[in-house]
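Following our numbering, the numbering of the sequence shown begins with 1 at its first residue and continues without gaps.
It should be emphasised that the hints constitute simulated quantities derived from the structure, not laboratory data.
Calculated cross-link-like contacts (lysine to aspartate or glutamate; reagent style EDC-like; alpha-carbon spacing at most 16 Å):
1. K11 to D56
2. K10 to D57
3. K10 to D61
4. K68 to E3
5. K11 to D57
6. K44 to D15
7. K11 to D61
Fair warning: this is a prediction, and the values are worked out from it, not measured in the lab.
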Amino acid sequence: ATEAYVNLAKKNDLDPSQMALSYVSSRPFLTSNIIGATSMEQLKMDIESINIELSDDVIKDIESIHEKIPNPAP
Numbered sequence: 001a002t003e004a005y006v007n008l009a010k011k012n013d014l015d016p017s018q019m020a021l022s023y024v025s026s027r028p029f030l031t032s033n034i035i036g037a038t039s040m041e042q043l044k045m046d047i048e049s050i051n052i053e054l055s056d057d058v059i060k061d062i063e064s065i066h067e068k069i070p071n072p073a074p
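Sequences and hints are given; from them, build the entire structure.
Laid out in structure tokens, this is it:
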């Protein structure tokens with residue numbers, strides 16, 4: 001699943017972690033989004049993800065990957 005998500009991000013000129021954080025933040029049931037960073041650069045990228053709005057096509061593709069691989073780490 002990770003490879004599919006990374007490929008989707010690259011296809012849409014997105015950073016994979018920013019795409020993931022943006023997707024999680026866009027879920028209406030979410031009350032918080034926990035980020036993790038091991039460097040100042042990662043922290044800045046994580047924070048910037050709040051300004052990324054994913055297109056409907058990207059969201060559909062993310063959900064399609066999830067349908068095919070619902071448990072990416074069995």
